[in-house]
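Enquirer: Based on the sequences and whatever the hints tell you, model everything.
What follows is each chain in one-letter form.
There are 2 protein chains.
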Amino acid sequence: MGSDRGAGTVVAGALEAASDTLTPVLFGPTGLETRGLEHVVAEDVIGMDEKPAEAVRAKPDSSLVAACRAVAAGDADAVVSAGNTGALLAASLLEIRRLPGVHRPAIAVPIPARDGSSVMLDSGANADARPEHLLQFAYMGAIFAEEILGLQDPTVRLLSIGEEPEKGNQLALEAHALLAESDLNFAGNVESRELLAKAADVVVTDGFTGNVALKALEGTIRTLLEALREEITATALGKVGGLLIRQAARRLAHRLEPDTYGGAYLLGLRAIAVVAHGNSSSRAVTSAIRLAARGVEHGVVDRLAKRLPERQQANV
Amino acid sequence: MGSDRGAGTVVAGALEAASDTLTPVLFGPTGLETRGLEHVVAEDVIGMDEKPAEAVRAKPDSSLVAACRAVAAGDADAVVSAGNTGALLAASLLEIRRLPGVHRPAIAVPIPARDGSSVMLDSGANADARPEHLLQFAYMGAIFAEEILGLQDPTVRLLSIGEEPEKGNQLALEAHALLAESDLNFAGNVESRELLAKAADVVVTDGFTGNVALKALEGTIRTLLEALREEITATALGKVGGLLIRQAARRLAHRLEPDTYGGAYLLGLRAIAVVAHGNSSSRAVTSAIRLAARGVEHGVVDRLAKRLPERQQANV
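Taken in order, these protein sequences are the chains called A and B. Counting in this note's numbering, the first sequence runs from 709 upward without gaps. Counting in this note's numbering, the second sequence runs from 709 upward without gaps.
To be clear, the hints were calculated from the coordinates, so they are not data collected in a lab. Idealized CB from N, CA, C, for every residue including glycine. Some clues are possibly wrong.
Stretches of chain B that chain A covers, calculated by requiring three or more beta carbons in the stretch to come under 8 angstroms of a beta carbon on chain A [said to hold, decoys possible]: (1) 927-937; (2) 943-949.
Ranges of calculated distance between the beta carbons of each label pair, as one might list FRET restraints [to be verified]: (3) E872/B to E934/A: 23 to 33 angstroms; (4) A726/B to K759/A: 55 to 65 angstroms; (5) R805/A to R991/B: 55 to 65 angstroms.
Expert: What follows is the structure in structure tokens.
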């Protein structure tokens, strides 16, 4: 419940994701049409505009909180939501809880960059962060890149406003120093202009900056493709040309589409939580559910639990 | 001196900008070919990779510092540089100095958005900022929008990670409160996904976030157009289509091109300083010089000096 396109789209996506090895369980009010999928009744709904912490406290029987509780109880392996991101974060902190040693969970967003996938975190879970949080995000991102993107010894770079170590705000300067001392494959600062080309396997930043960078990418792609379409269809010759490049434009759009991944992980919890875009298509919901399943199959949480303290201790 | 494409490109741009009402004066070493334009000898050069504050202190006879000194002495009305941005900031703070009451100068970048120009500041002068700095940036941006973009009662929005007042990091939350109390035409928070469409007449942010957002826009435009070209030329049909849409693509590229403005203002100084992109074409240099001249003609500095304290007092 709570997504922009309504429950029907989510149900359709879940139905498509269902397989011999993947069993979607839908949380929603009495009367929800689940098309044969398992249905757990949760009468309340948290809306997109509700304040996360308050809503989660006030609505323990919302679909979102109930789904997180089911994961915490072991009745499900992962939770996926296309609803209020802040509420998912609050509900999963409350019900699923953090892994021992994790300061703060981070949103890890896979970026379908031109030269291969990378992951950026934190993309919005924590608006304010301290340098040691960024170091931990880097470790979580490296494990994500290994397990989910299949990359060996992934490179880690810090998002800043210049490649030189002395470029950046106070947070970036201090995080740079911590990353440089770590045993990560740290390749220095990177600028946001490289994000869509491919900045690094793992791009580390605070949640405010990461969210601004991510939305700048999304908005620029959308606005640019719309503007190109307008220019092309402004002339008869352009229209013919537009038909001829349609396949090429579709291939490109497909490559860049967030639907390919469908969602982002909340990393640092005791189970997998995947946040899908609020206006996810059913195809994006399917991808998000599969992404969650992949995380379960690869034992991402166990590996985080095991390797995070190890890796961090090495730096103490 | 000190730009990526060498002094020849800058000289060519200056030559093109020269007119009955605009007299470029070139600062550079003995032997610089100025093609008949006035030449003030300054033997040193500050490179792109030099640390700004140190370089400015160590090289008082660099073209950049000498040009700022000439403006301070009244021998020129404005300074334009395609060299090291940090060094231009440091040199202009040292030589031209801040206007009374200005906490920190800001880089004001015009964004050629789809639905009309807007200006974003700070785009990189100050990596760290306090809420009261952002309020002042908003006033400076509003004056820029009125005088340079020709907009009446410009709307001001704060770059954040959600439109609701309670979305953002600590800095954004506090700046939001100050802006909401001010006499500016404040229209609330805006997300970076709106930047290229048109977020507002004036978009206010700290220099770190602004720089990240700006470079994300630039990089995404570049990467996306390159990728589209690759996809189009991958098939014979696509190639023909590519020829037919070439005019449309050029119109779009022209609309989005930073060369249209050529540069950004350093606002808050006692004279106009314009920072041009390091790899500016001669056309971009011409635009940057004309932008500086427009600032002089519109008396931007006097208006800032007069209206900034007035406006700010109204909020005390």
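Enquirer: Which of the stated hints cannot be reconciled with the structure, identified by number in ascending sequence?
Expert: none
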